[in-house]
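Two chains, two separate frames, one set of hints: put the complex together.
One line per chain: the protein sequences are A and B, in this order.
Okay, so the first sequence: first residue is 1 according to our numbering, each after it adds one.
Okay, so the second sequence: first residue is 504 according to our numbering, each after it adds one.
Calculated from the structure, these hints are not laboratory results.
In this text the structure is predicted, and so the values were computed from the model without any measurement.
We put the CB at the ideal spot given by N, CA and C, even for glycine.
Misleading hints may appear alongside valid ones.
[What the hints assert, rightly or not] Taking beta-carbon pairs under 8 angstroms as the criterion, some of the chain A residues facing chain B (in silico):
1) Ala349
2) Glu353
3) Ala363
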Amino acid sequence: MVKINQNYKIKMEKITKSFGDFLALDDVTFNLDHGEVHALLGENGAGKSSLMNVLSGIYAPDHGAISIDGKVVKINGPSDARFLGIGMVHQHFRLVKSFNALDNIALTINQTSYYSEKDNLRHKILKKMDEIGFDLDLDSPVGLLSVAEQQRVEILKVLIAGASIIILDEPTAVLTDEESKGLFKIIRFLASSGTSVVLVTHKLKEAKEFSDKISVLRNGKLVDTIIPGKLDDEALIKLIVGEVFAEKPQLSKNFGEEKIVISDLNLHRSNHAIGLTDINFKIREGEIYGIAGVGGNGQAELSTVLMGLTKLNSGSIKLAGYGDITKFRTDQRRKCGLVFIPADRQKYALAGELSVADNYAVAAILRGDLGSWMGVKKLGKQLSTVEAIEEFDIYGVQRLNQNAALLSGGNAQKLVIAREFSSKPSVVIAHSPSRGLDIKAAAFVHRQLLAARDAGAAVLLLSEDLDEIMLLSDTIGVINRGRITAEFASPADRQIIGKAMVN
Amino acid sequence: MSSTSNINKRKGVKLEVRDPMSFTNKFIVLILSIFTGLFISFVILILSGVSGSALWKEFVVYIITSEKNLSSVLIQASPFVVAGLAAAVAFRARFWNIGIEGQMIFGTIAATYIAINDVGPEPTRLLLMFIAAGFGGVFWILLPAFLKIKLDVNEIISTLLMNYIAFNFLLHLLYGSWRDPSTGFPNSEQYDVSEILPLLGWQSLNFSSVIAVFLVIIIFWLFMSSRFGFVLNVLHASSNMARYMGIRVSLVILIVTIVSGFLSGICGFLVSSGIESRMTQSFFIGFGFSGILISFLARDNPIGILVVSLLFATLVIGGQSLQVFYQIPFAMVQLMQAIIVMCVAASEFFIRYRLIFSL
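Here chain B stands alone, though its shape is the one from the complex (with noise of 0.2 angstroms):
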């Protein structure tokens, strides 16, 4: 067989499948990939004409400089971590919630209809509206959670249709009946003080970082420690050993689904009433999608959700300030999103395999 000699001489890269790995070694991973999608972003940055130093300015040094700036990214996070623990208490159980953003909007329409139409004493406003934003998360994900218990509907369509029925739903409302009457704008008319979340002292910075804080510690205690937190883990594992222990499976995807709809109604909640003073046609843009792929990068982990989200505010508040300082488009911000997710997504074929140069 001459041949066989060939063989030994074949060059190349080869794969090889690795032992599973350690926790350590994939947290470092991780970090890796980051890190390599802001380099690539930055490169592109660099060569659509913002110098290097620009750049370690905008998103470094003016952010950790500027009290001001450093408040804007913390009021900016706050959505973002709720967004981020929304999809995660809906991943952990397998249910794919694209539909973040149509629960955001149906809790600010609750959280708004107690505001215009002044329901309930002052003092218990902002209380009344947090519960009613909450609930009107859940009351848009009630369907898709029916429609995938009772008729195995995939939830990732449904979810995402919702999205679009919200919308316009949306509007709706805001073309008719609740337009701003003193100025004849498409939005809700400008919420009270009482509506408003409370300033906590320090810059801009308002009530909203501490709802986040707090849902992040309960979010935290449900997945590390709780009873149902340990469910979620053997159905994430395995929905047929789940079956087979007598866990009920529908009942944890409808208590899931609850969950992560009454927090996207608090996300819409928290901007609404936190950031924007009233309710208007793009209060939620983007941070549904931005919720996903927060709780994806941070593995489902709401400490690591905490600060993926300060990443991404940070890159929102810099990428405003391109926006205005050098005329770049806010799309560059979505770009980097989405080179940082990718490149993370990609590392996981560096956790599973390993390359062999034989040269």
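The following block holds chain A by itself, in its conformation from the complex (with noise of 0.2 angstroms):
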């Protein structure tokens, strides 16, 4: 139900925030009514975080003006949207991971002193806690608490600090679906109790099934204010990417010989944490096979070994045409035609300080494709990198010397994708290749996954995202505490995987 309300809480009229020649708010206006979750949402790059970094004081916005409960308010910094009782969430956490809870929420407020009026934060704390029905260790280091767990710190931290206006940006993206139910229990609670919350989100089905109202955001510009359940789905589609899109699975026609056999892997970790028991698994040419489990099961554990970057303690890898290539060092492994797209693509796939070109050439680099040691083709390398930049639609690239951090998930995602498909791959594996893209963006990794599987490749694709998993696996595999419990051919039924992933 909406309240018709003309004293919203906040209210933006016609912000703009240009970046250079990008314009990334154009003229958008937003209003936020009291005690209402509201949310934000739009493909990558559509505006959401650069519009709450305006209201959070991170941004200074070109023009415009920001109004709470009804007074012009001028936002100079993060300090000042603290002291205007605007709380964000980030979706990267900012916590020291060797302080505890207490001591982090300490550290965003101002106190007087630390030591006098530490029992007191604490009785304010569990106060608070117990409002809201929150459950958290005040005294182990943060670094030590789940996802789930630290994620409450940072809630605890604005509204310690006195937030009546609460924005959470992507809170999901690292939640298990049980724990995410958890937190929108929490928000709605807020809510009733007066806060206003924003959520920035790109998942559809939360956005309707828990807010009161939905803002859309389309290249910069805000496209409509609506009221979940007054569109259906593909309309609300239509709105977000201003077309209708939607994936439908292609099974794999001709499956041809076993390409890669993987038997009896074994990787035993310290500290009790998860490794892999006994996996065992086979790709054919022209099949994906696709990994569903929840985050944490083993999934990068299992990439890294077979990318020869972990060392395994037993166990053997087959690769057809090469035989055993369980001893085979990462370069070797790639001279077989092993490609990896990791999960982290900042801090494992590029360079951010290296420009696009060094980090598109880098593939064949040291293949040797551009030059002998003697030299490095310089041209070559600017050609082939304005080629897959054209082939694989690449956005943001001004010059090609321009940093690779520069570009955003969904166009850095693409940057390395072209590369690790530059040569020919025989096996790709793939983890989380779309995780925090939009939907385009996610398309194009799924038609590349798919083109590599029919030019014949076998892909391994881990993911956490069971849609995912269901759209593209010609065979899947469910990853449970570094073990391979179950296997099923597509099509399969998604409650039975579903099922075996938390079983």
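Structure, rendered in structure tokens:
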């Protein structure tokens, strides 16, 4: 139900923000009511984060006015925003990992004395936790807490600081379904007690289910503000991407020989961390083998073991045409045609301070395709990068020597894929390849994986997104605590797979 | 909210993160900060009693107008250049080689061994000394390199401590079997003519300058166009990505340490055979750490290292005159180096942030 109320909690009027030539926000007017949960939907780069960064004082808008409770305010920085009762829970948490929750919260509020007010603060936090039904260990280092618990620390941080407006940036990106449900219960509770909540998300489902209003941003413009339930999914997607768009499963038509055979892989890790236990599976040419599972159940370990980046304790990996490659180093495996799209592209797949051209050409240069050891062919490097940028539709490259760190998530991932597919791969290992990408970019990634498969590659897709697994996989394995606990041929039943993931 | 209006009136200085700076702008900031450092140093020198006109004469006029002083600067600059290159090569792979001085000592010990035992025929003596010096330096970096690669021992500590071992071993030789038999002083006997780098025919300028320039060209090629240089760039920017792309990080570090150790050894050889004509107790003093500073100021760029080395050499030669004519302690030269480095380090701040004054 939407209250009719002209005295909005926050009015952001005609906000414009540009970065160089790029218009991130174009005349956006956004109103937030008292005690409502307002979802902000849009693709990556649509302007959601920019708008919220303006509200929380991180960006100064070029034009436009912000008023809170009917009074025009000027927000000059995050501390101003905090003072005005605006609190933001960032997607990437801002916590000191070695401090406990209490100290992390103490850091953000201006106390006169840390020691004398510590007990006071603890009481305040416990009271707040009691009020909203949080359960949290305040005394162990935050780094040891689960992701969901760390998020609770972040939420407590803004609540204790006295926020009456809370911005949650992609809060469920790192949570399991169960944890997400718990989070939304708390969000609803906060809203019912008068707090206004902005939910930045690109997940349609949660926006529809848990918000009072949905505003859709596209290309820096606010397209529409609607009431959930008034529009069906198709119409909503059309608002978001500007066209109707739905991917359909395309199963492989012709499997070839067994390409890669993995037998009895074991990886022991210290401190009872999840390793790998007796992993067995094989992938044929022209097959996508999807591994479903809740994050942190051994996916990262499996992918790095296959690339030779992590040493395994026992087991063997056989590759058609090369035999046993268990002892091969990473460079040797790459020479055999293995390519890798790691989950954390910023950390492992790209070097942010190197140029786009260097990031693209590194594979070819290491292969020896661009010049000899005596000299790298600079022109060849530039030209091949230009070709890749066109072929893979990479936006946001103004100069070839611009740092790769400046690319947005989707375009960074396109660059990674362009590089990994620059030689014809025989085995593709892709870990959460569309994580954090918008609908269009994700579809692009999916098309590339299907194209590689149809060209005869064996594709291993590890993803925490079950929809992605269901959409692409020809065979589905379920990984749970480092074991493959079930295997299905597509099309398989979603419910049964879901059950196998959590059992 | 009455306090809302207070916020808008807040005064003072604010920080804002800048867009990444262009190469040209970074270069301008670097030059400006070096000049700021020089300016502060000169103010200190003036406060300690040297007149401004004397500074101008000692550091600029006499260096440019006197062929003798100019050649002294060039001779002094050669080992600086090579020490800077040794540091730069290691730093490109993020191997923090603090042990350049220790490697210089072992380079010189190896060269001196060839010299005092007259190994090989005379015409090849210098070449042999050159090669021996390089491998002497390599010998002294291998242990820290292996400790780093195999056991992940912090190379800053291990290379630093290796300096002290090298120094004491040097003293052991100079007070023991290698003491100069003709004078009894604790340095090696003087090198023969065939063991001293030949003069080039202009003032006292000798072959060490040619070696330094040659090495600059080699390292410039290595960094700027060779495939290995590209690998170093990748490793420097992200060791994670390097590993994921199949670059053998341990092997790269091993190669880099070998090159760095070799250059350090050569640097020792340039001092003993190019300046001192013998191995002394203190031929290496200051070069190792100056090399690190030079490489830092030049951002690991070989051409930059050449330029900064000339600046440092000018400071040393000018400082020597100040010492003689104005009784300014030589430590003042090190102070000047330190001030310049601090100014450049501080300039990083202005490359990342912009200050906004709202009054």
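Each hint tested on the structure:
1. Ala349: holds, 7 angstroms
2. Glu353: This interface hint holds because 5 angstroms falls under the 8 angstroms limit.
3. Ala363: holds, 7 angstroms
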